[in-house]
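Novice: Residues per chain are reported as follows:
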Amino acid sequence: MNPHPSNEEHDGRIGALYRLGATEEPSSEHDAFVLGRAASALEPKAATRPRWFQFRRPMALAAVLAVAASLYLFWTQQTHSPEGSMQALNEPPPAGPTRSAESSTASEPRLDTAASSAAAPPSAAVTTSPSPATGSDQGSLEDKLKARGPTAPEQALSPATAARAKAEQSAGLPNVGRKRDLPSPARALTQGTEEPAPTQPPEIASALGGARATAPTAQAMPAPAAPAPQASLAMRAAPRMAAPSALTPAPEAPDALARRPEQWIEEIRALHRLGRDSEALASLRSFKARYPGYRLPEDLQALP
Amino acid sequence: MTDEALMCAYRDGDPHAFEVLFLRHRSAFYRYLLRQSSASVAEELSQDCWMKLIGARKSYEVSAKFTTWLYRIGHNRLIDHFRATDRSALASYANEEDLQAVLESVPETAHREPQNQLETGQLARRLARALRDLPASQREAFLLQYEGNLTVEEIATATGVGRETAKSRLRYALATLRRALAEEIP
Numbered sequence: 001m002n003p004h005p006s007n008e009e010h011d012g013r014i015g016a017l018y019r020l021g022a023t024e025e026p027s028s029e030h031d032a033f034v035l036g037r038a039a040s041a042l043e044p045k046a047a048t049r050p051r052w053f054q055f056r057r058p059m060a061l062a063a064v065l066a067v068a069a070s071l072y073l074f075w076t077q078q079t080h081s082p083e084g085s086m087q088a089l090n091e092p093p094p095a096g097p098t099r100s101a102e103s104s105t106a107s108e109p110r111l112d113t114a115a116s117s118a119a120a121p122p123s124a125a126v127t128t129s130p131s132p133a134t135g136s137d138q139g140s141l142e143d144k145l146k147a148r149g150p151t152a153p154e155q156a157l158s159p160a161t162a163a164r165a166k167a168e169q170s171a172g173l174p175n176v177g178r179k180r181d182l183p184s185p186a187r188a189l190t191q192g193t194e195e196p197a198p199t200q201p202p203e204i205a206s207a208l209g210g211a212r213a214t215a216p217t218a219q220a221m222p223a224p225a226a227p228a229p230q231a232s233l234a235m236r237a238a239p240r241m242a243a244p245s246a247l248t249p250a251p252e253a254p255d256a257l258a259r260r261p262e263q264w265i266e267e268i269r270a271l272h273r274l275g276r277d278s279e280a281l282a283s284l285r286s287f288k289a290r291y292p293g294y295r296l297p298e299d300l301q302a303l304p
Numbered sequence: 001m002t003d004e005a006l007m008c009a010y011r012d013g014d015p016h017a018f019e020v021l022f023l024r025h026r027s028a029f030y031r032y033l034l035r036q037s038s039a040s041v042a043e044e045l046s047q048d049c050w051m052k053l054i055g056a057r058k059s060y061e062v063s064a065k066f067t068t069w070l071y072r073i074g075h076n077r078l079i080d081h082f083r084a085t086d087r088s089a090l091a092s093y094a095n096e097e098d099l100q101a102v103l104e105s106v107p108e109t110a111h112r113e114p115q116n117q118l119e120t121g122q123l124a125r126r127l128a129r130a131l132r133d134l135p136a137s138q139r140e141a142f143l144l145q146y147e148g149n150l151t152v153e154e155i156a157t158a159t160g161v162g163r164e165t166a167k168s169r170l171r172y173a174l175a176t177l178r179r180a181l182a183e184e185i186p
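Which chain is which? The protein sequence lines are C and L, in order. Those letters in the first sequence? Residues 1 to 304, by the numbering used here. Those letters in the second sequence? Residues 1 to 186, by the numbering used here.
The hints are simulated quantities; they were obtained by calculation from the structure and are not laboratory data. Some hints could be false.
Listed next, the stretches of chain C that the computed footprint assigns to chain L, with coverage defined by at least 3 CB atoms under 8 angstroms from CB atoms of chain L [stated by the list, open to error]:
no., stretch
1, 13–24
2, 275–284
Simulated DEER-style distance windows between Cβ atoms [what the hints assert, rightly or not]:
no., chain 1, residue 1, chain 2, residue 2, range
3, L, N76, C, E29, 21 to 29 angstroms
4, C, L20, L, A56, 28 to 36 angstroms
5, L, A56, C, V67, 46 to 54 angstroms
6, L, D80, C, A60, 43 to 51 angstroms
7, L, V41, C, G36, 44 to 52 angstroms
Quick reminder that beta carbons are idealized off the backbone N, C-alpha and C, glycines included.
Chain C extracted, bound-state conformation (with noise of 0.2 angstroms):
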């Protein structure tokens, strides 16, 4: 096809005068503008990011202050939550080998059982922690303890102990005293779990009475025969401060936490009335030591 068709549209000699004059050129920092800027063009560029890039400071203190947040709530809800602690206690225990000497009462709810029931046996009262008032005598109670009968499984494997337990029940004795037949690593394991029973001999216990009896202990937990879900619903039961105390049982803190002054007052006067005054004065001093601005009452006070 020719481009040029005819005169009317193409004029060679026009062409050519108009080349004559066209000697005109852009200036070379229009070049060198362009030429760059194509250069330039064709380098790869960083990756574009998103939009939401530049909030990513902000936005990540921001999840973990979430995050802190619901943790701290959550371990606040768990850790004081009275129904928490309630649910724990009440979760029924796995059905272990000493479950059977109990089977009357193995479906009601723990404490309702500790409080009122009298076929509880005597392996159910396993919350009670070692005295620091009694830390002395310790040593003498377990062997008090290992003296007086068997172990509560083997007491739950035995009739007669069920029958005993009965006994004791119908005769108005305190739960307290039956703690003893706990081994001593259950009650190590349930140490703090519950409202403070601190051991006693039984006559202390006797001469306590009532006033240990409303403790609202939990007295019902599980049955020693299976130690590591007692432990487990120990621990998860448990105030956090309190759970290392009760795996490893020492001789003053669980008790120092769990006994009211008033309590250990009532138990004070209670080694005086049964003339055991060492033991009386050993653990008034514990007391003030432990509550150094409390005022004590005026018959403890004559104590020398």
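Put chain L on the given structure of chain C with help from the hints.
Specialist: For chain L alone, coordinates are given in the frame of chain C:
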């Protein structure tokens, strides 16, 4: 290597191809803009057009001649410039039918070779003045043909008009220039 092949090579990442392409067309394209504006405006418009071309390299496909594409970019940029600065130049694109009477009144000039170099120089200057006095649309059509070496069809494509319109513009422009030169060349 054709213009289209060079542009494809540049699109594919060869900066040297663009350099060859640019040096091949930079002067003619600059003069195309210069004849329709001023020196400073022409450089600015030329830079804008080349930047636009660089930016559009990724979508470049060989669907037409490279020069047709380049001069269409230049035409659109000029129209934008006229809209902003020179409405009268813009109006010339709409009233070209009125020039039919003028064209018919222009006598055909005899083809005569200039006598010497001095006379040739005088004719070139006279042609430049006559070109400057042309309506914008005719001047552009003339420049597209003699600077861009575009055909009538390519001129039509570059300026966005029909072939007949482009052809008429060229005829008017040449007739006017011939008449202007006839006064110098008896």
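Novice: Between the beta carbons of L:D80 and C:A60, is the distance compatible with 43 to 51 angstroms?
Specialist: Roughly 47 angstroms apart at Cβ, these two residues keep to the hinted range, so it holds.
Novice: Taking a Cβ-to-Cβ distance below 8 angstroms as contact, does the stretch 13–24 of chain C have at least three residues touching chain L?
Specialist: Check passed, 10 qualifying residues.
Novice: At the C-beta level, are L:N76 and C:E29 separated by a distance inside 21 to 29 angstroms?
Specialist: For L:N76 and C:E29 the Cβ distance comes to about 24 angstroms; the hint holds.
Novice: Tell me if chain L covers the stretch 275–284 of chain C under the three-residue, 8 angstroms CB rule, please?
Specialist: Violated, because only 0 residues of the stretch 275–284 of chain C bring their Cβ atoms closer than 8 angstroms to Cβ atoms of chain L.
Novice: Note whether the CB distance of L:V41 and C:G36 lies within 44 to 52 angstroms or breaks it.
Specialist: violated (21 angstroms)
Novice: Mind checking the hinted window 28 to 36 angstroms against the Cβ distance between C:L20 and L:A56?
Specialist: holds (35 angstroms)
Novice: So does L:A56 sit 46 to 54 angstroms from C:V67, Cβ to Cβ?
Specialist: For C:V67 against L:A56, whose Cβ atoms are near 49 angstroms apart, the range 46 to 54 angstroms holds.
In terms of the numbered hints stated before, the structure departs from hints 2 and 7, listed from lowest to highest.
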